[in-house]
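K.L.:
Here the protein sequences line up with chains A and B, keeping their order.
The letter at position 48 of the first sequence is residue 48 when you use our numbering, and the numbering goes up by one with no holes.
The letter at position 336 of the second sequence is residue 336 when you use our numbering, and the numbering goes up by one with no holes.
These are calculated hints, taken from the structure and not from any lab test.
Warning: the hint list may mix true and false statements.
Said to hold, decoys possible - Just so you have them, the derived chain B footprint on chain A, three or more residues with Cβ under 8 Å:
| # | stretch |
| --- | --- |
| 1 | 143 to 150 |
| 2 | 199 to 212 |
| 3 | 226 to 238 |
What the hints assert, rightly or not - Across the chosen pairs, the derived CB separations fall in these ranges:
| # | chain 1 | residue 1 | chain 2 | residue 2 | range |
| --- | --- | --- | --- | --- | --- |
| 4 | A | E140 | B | A222 | 54 to 62 Å |
| 5 | B | W345 | A | G191 | 47 to 55 Å |
| 6 | B | G161 | A | Q27 | 37 to 45 Å |
| 7 | B | R14 | A | S143 | 48 to 56 Å |
| 8 | B | L321 | A | D132 | 28 to 36 Å |
| 9 | B | D73 | A | D132 | 40 to 48 Å |
| 10 | A | G116 | B | G180 | 14 to 22 Å |
| 11 | A | A124 | B | L22 | 43 to 51 Å |
| 12 | A | G23 | B | L221 | 34 to 42 Å |
| 13 | A | R88 | B | G25 | 47 to 55 Å |
| 14 | A | S110 | B | S38 | 44 to 52 Å |
| 15 | B | L22 | A | S110 | 49 to 57 Å |
Note that the structure is predicted; figures quoted are calculated from it, not measured.
Ideal Cβ placement from N, Cα and C applies to all residues, glycine included.
Next come the chains, spelled out residue by residue.
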Amino acid sequence: MIEPGITIRSASVVIGGRTLLSGVELQLRPGELVAIVGRNGAGKSTLLRLLAGLLRPSRGEVALDGRPLRAYSARERAQRLGFLAPSRLPVPAGFTVRQVVGLMRFGHHSWWRATGADDVTVAAAIAGLGLDAFVERRLETLSDGERQRVWLAGLLAQETAYVLLDEPTSHLDPPHAIESLQTVRSWATAGRGVAIVLHDLDAALAIADRLVLVDAGRIVLDEPVASVALDVLGHRLGVRLAEVALDGRRRVITQDLWGVQ
Amino acid sequence: MTGAPDLRAVASSRRRVYAASLGLGLLLVASMILAIGSGPVPISTADELAVLASRLDAHAAAVDPRLASILLDIRLPRVLLAAVTGAALATAGAALQGLFRNPLADPYLVGVSSGASVGAILAMTVTLPPALYAAGAVQLAAFVGAIVAVGVALLLARVGGRTSVPSLLLAGVAVTAIGGAASSYLLFSRGDRLFAAYAWLLGSFNVSDWSLFDRIALPVLAGTIGLVALGPSLDLLQLDEDAATALGLRTERTKLAVVACAALTTGAAVSAAGLIAFVGLVTPHVIRMLVGAEHRPLLLLSALGGAAFMVLADLAARTVLPEGDLPVGVVTAAVGGPFFLALLWSKRGRLG
């Protein structure tokens with residue numbers, strides 16, 4: 001019996017003589033939201049690209065639903081696994097919201113073009129993220145926050161079982177960041193497996209089921225959020241963390257900026 | 001979300017594409033009828049149709065054999081050659097603007113022009129047996145030169161099995177510069193061939209038989225179909241390569257296929273007609289204003305628009321001066337240049 005999920009087994013990534021990841025073990029299951037945290041250059045994005053099949057491990061293996069990821073064709077992979085780094089994406093000049101969301105169903109297209117079923121899925125995804133009024137707007141005329149919803153609509157339209165997001169909120173104002181995280185959380189609750197690279201620890205602990213901490217190319221912590229020890233986390237991240245209880249829930253703040261004035 | 005999804009946007013954008021296709025198709029047919037009818041011996045549209053009908057239907061009424069000969073042996077091959085060349089350059093231009101994500105890209109960017117020039121000028125400056133020239137040695141040399149130059153640029157841009165698009169752009173610029181130096185040297189050393197070579201560089205459709213059309217029609221058609229098929233892939237390349245790969249695109253194959261198809265169409269066009277400026281650069285921008293940036297319709301309609309533009313440019317080239325033909329490249333640049341300046345002006349905020 002195969003176990004559904006994306007599984008990394010003792011994988012290392014070495015590029016140009018530099019070891020970016022070593023001895024990594026990780027599993028992402030359906031219906032679970034995993035937050036990946038770590039300092040700049042720790043290997044978070046590399047880990048996410050490894051999960052997405054955009055990088056081949058130098059050693060070890062990555063499997064998607066029990067089958068090696070490299071055995072999937074590009075299309076098959078795109079039908080099961082969505083990956084996006086919204087803050088790094090260029091804005092495709094001249095493309096409308098509908099066209100961009102439609103692009104993200106490329107892996108589902110028939111050999112020649114999108115079908116009527118694709119059109120329906122795209123329209124539903126656009127409506128699902130409240131973008132109906134923007135359907136024919138060009139992407140470059142939207143704000144960052146609106147554009148973020150377009151990318152999320154694209155991931156919704158892609159209808160993948162797994163979604164991998166690299167720092168989706170780093171360029172957003174707080175309301176749009178919160179809206180994005182709520183959307184992503186709802187996907188996990190609805191059964192998609194979601195991995196998300198985040199710098200905001202409080203947000204990570206609030207929305208994730210599990211927290212994965214990457215440090216110097218290794219996974220040094222992989223635990224349910226409730227049992228994460230903040231002193232260990234803070235030590236690895238190079239900040240002093242404090243927890244406060246708010247409405248009976250654990251919230252995290254950094255202490256380092258207090259007293260600098 | 002309530003009720004059925006709203007598909008009106010899909011329908012309206014499709015209608016816009018159909019309307020633009022119909023409009024440009026009619027424009028192309030009209031410009032061809034006009035171009036075929038114009039010249040030292042004017043031919044009325046009725047006579048044109050009668051001649052064509054006599055060719056297609058053995059039972060049609062007899063036509064003046066002199067008119068039939070002018071139309072079928074001189075005007076029609078020239079007009080069709082112009083149409084095919086215009087379609088080739090405009091489609092390749094649209095595809096390369098997409099590949100490089102750069103509105104200033106044109107079909108000559110990756111070395112085609114300089115490779116073709118070196119090939120053609122080499123064939124004109126070394127003295128070959130007349131039979132080879134009659135068999136199209138200059139055209140063949142231009143085509144081979146174009147393909148070789150693009151191949152060299154591609155090789156230079158490939159690192160570790162991946163083609164870097166910015167490197168390809170730079171390699172194209174370098175290959176163009178080297179080719180330009182070689183062409184200049186050849187011209188400098190054989191001043192007696194300067195005029196013939198210069199006339200070739202400026203481009204013309206001065207033909208009087210079907211041989212050139214027959215030679216380039218197939219490669220242009222194949223390359224154009226290839227590019228239109230690659231339309232959605234070019235759409236995905238507007239995102240970064242990671243995103244395109246994650247969405248199911250084999251980016252490396254796509255990039256190579258786009259360059260290969262563009263080189264095929266452009267190489268064939270250049271070999272037949274020389275270096276005609278601005279059609280490949282300007283046409284896609286006009287089409288984008290009509291139907292938007294999606295590449296499948298953009299490429300298809302660029303082919304129609306480029307064909308119509310070139311037929312009209314050639315018509316102007318051979319009718320404006322009473323004493324003879326202008327190089328068609330002069331006409332396209334004279335029309336395209338000001339247009340391009342206006343484009344730069346209107347987009348100055350985004351291109352600066």
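K.L.:
Given a hinted range of 40 to 48 Å, is it respected by the beta-carbon distance of D73 of chain B and D132 of chain A?
P.N.:
violated (59 Å)
K.L.:
A range of 14 to 22 Å was offered for this pair. Does it hold for the Cβ distance of G116 of chain A and G180 of chain B?
P.N.:
violated (51 Å)
K.L.:
Do at least three Cβ atoms from the stretch 226 to 238 of chain A come closer than 8 Å to Cβ atoms of chain B?
P.N.:
As far as the stretch 226 to 238 of chain A goes, the hint is violated, because 0 residues have Cβ atoms under 8 Å from chain B.
K.L.:
Check, residue by residue, whether the stretch 143 to 150 of chain A contains three or more positions whose beta-carbon lies closer than 8 Å to a beta-carbon of chain B, and give the verdict.
P.N.:
It is violated: at least three residues are needed, and the stretch 143 to 150 of chain A offers just 0 whose Cβ sits closer than 8 Å to chain B.
K.L.:
Mind checking the hinted window 28 to 36 Å against the Cβ distance between L321 of chain B and D132 of chain A?
P.N.:
violated (57 Å)
K.L.:
Between E140 of chain A and A222 of chain B, is the Cβ distance one that fits in 54 to 62 Å?
P.N.:
Given range 54 to 62 Å: violated, Cβ gap about 35 Å.
K.L.:
Return holds or violated for the Cβ distance of R88 of chain A and G25 of chain B against the range 47 to 55 Å.
P.N.:
Between R88 of chain A and G25 of chain B, where Cβ atoms are some 41 Å apart, the hint is violated.
K.L.:
Is 34 to 42 Å respected by the C-beta to C-beta distance linking G23 of chain A and L221 of chain B?
P.N.:
Once the Cβ atoms are compared, 55 Å apart, the range 34 to 42 Å for L221 of chain B and G23 of chain A is violated.
K.L.:
Can you let me know if the beta-carbon spacing of G161 of chain B and Q27 of chain A is within 37 to 45 Å?
P.N.:
At roughly 31 Å between Cβ atoms, Q27 of chain A and G161 of chain B fall outside 37 to 45 Å, so the hint is violated.
K.L.:
Can you tell me whether the CB distance of W345 of chain B to G191 of chain A sits inside 47 to 55 Å?
P.N.:
Given range 47 to 55 Å: holds, Cβ gap about 53 Å.
K.L.:
Is it true that S110 of chain A and S38 of chain B lie within 44 to 52 Å of each other by Cβ?
P.N.:
Hint holds: Cβ distance 45 Å, inside 44 to 52 Å.
K.L.:
Hint says 48 to 56 Å; check whether the CB-CB distance for R14 of chain B and S143 of chain A agrees.
P.N.:
violated (28 Å)
In summary, the structure is inconsistent with hints 1, 2, 3, 4, 6, 7, 8, 9, 10, 11, 12, 13 and 15 from the numbered list given earlier, while agreeing with the others.
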